[in-house]
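S.K.: Sequence:
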Amino acid sequence: MIIPVVSDDIIYFSKLQSKVNQKRYELSHVKSEEDIIDIILKCNYPICIIDINSKLIESFNLQDALKNRGCHSIDTIAYYPHVDIKLKDKAVDFGTNLQVTRNQLFKNLNNILDDIIFNQISES
0 MIIPVVSDDI
10 IYFSKLQSKV
20 NQKRYELSHV
30 KSEEDIIDII
40 LKCNYPICII
50 DINSKLIESF
60 NLQDALKNRG
70 CHSIDTIAYY
80 PHVDIKLKDK
90 AVDFGTNLQV
100 TRNQLFKNLN
110 NILDDIIFNQ
120 ISES
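0 is the number of the first residue of the sequence shown in numbering that gives the first Met the number 0; add one for each residue after it.
Source of the hints: derived by calculation from the structure; they are not laboratory data.
Treat the hints with care, since some could be wrong.
[Unchecked claim] Derived DEER-like restraints, expressed as beta-carbon distance ranges:
1. Glu122 - Arg23: 13 to 23 Å
2. Ile120 - Lys54: 27 to 37 Å
3. Lys22 - Asp83: 27 to 37 Å
4. Asp8 - Ser121: 27 to 37 Å
5. Lys85 - Asn20: 30 to 40 Å
6. Lys54 - Asp88: 14 to 24 Å
7. Glu33 - Ile73: 13 to 23 Å
8. Ile120 - Glu57: 32 to 42 Å
9. Arg23 - Lys85: 27 to 37 Å
10. Tyr11 - Glu32: 16 to 26 Å
11. Ile73 - Lys14: 15 to 25 Å
No experiment lies behind these values; they were computed from the predicted model shown.
Beta carbons: idealized from backbone N, C-alpha and C, even for Gly.
Can you build the whole structure from these sequences, using the hints too?
M.R.: This is how it looks when you write it as structure tokens:
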């Protein structure tokens, strides 16, 4: 399953990529407005990971783009630096399904993804 990751930080994205269970998940780096259109809006991915501090969130109005995907909903995971609690509030206001610190996401990436997939299957 391909999971888009909206992030300006290539190093952190690479760390996540090395941590993910590659038998089940493939992370796709969303690093431009064109990527948002090509990867998130045109494809039917059930999960998206967002760096809530990314410049892409403001520049493209990603919030509206995610909400207006038609009949396909998407579960969003927002991550933020643990030292900036205001970014967690921003993630909640953004409408993300789950908000975690960068460290929590890195340590628990596969469990978080597995739980979301399990919940999606249970709700079907």
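S.K.: Next step is simple, just say for each hint if it's right about the structure.
M.R.: Results of checking the hints against the structure:
1. Glu122 - Arg23: 13 to 23 Å: For Arg23 against Glu122, whose Cβ atoms are near 19 Å apart, the range 13 to 23 Å holds.
2. Ile120 - Lys54: 27 to 37 Å: 34 Å, holds
3. Lys22 - Asp83: 27 to 37 Å: 34 Å, holds
4. Asp8 - Ser121: 27 to 37 Å: 33 Å, holds
5. Lys85 - Asn20: 30 to 40 Å: 32 Å, holds
6. Lys54 - Asp88: 14 to 24 Å: Holds, at about 19 Å.
7. Glu33 - Ile73: 13 to 23 Å: 19 Å, holds
8. Ile120 - Glu57: 32 to 42 Å: Given a distance of about 34 Å, which is inside 32 to 42 Å, the answer is holds.
9. Arg23 - Lys85: 27 to 37 Å: For Lys85 against Arg23, whose Cβ atoms are near 33 Å apart, the range 27 to 37 Å holds.
10. Tyr11 - Glu32: 16 to 26 Å: With a Cβ separation near 20 Å, Tyr11 and Glu32 satisfy 16 to 26 Å, so the hint holds.
11. Ile73 - Lys14: 15 to 25 Å: 23 Å, holds
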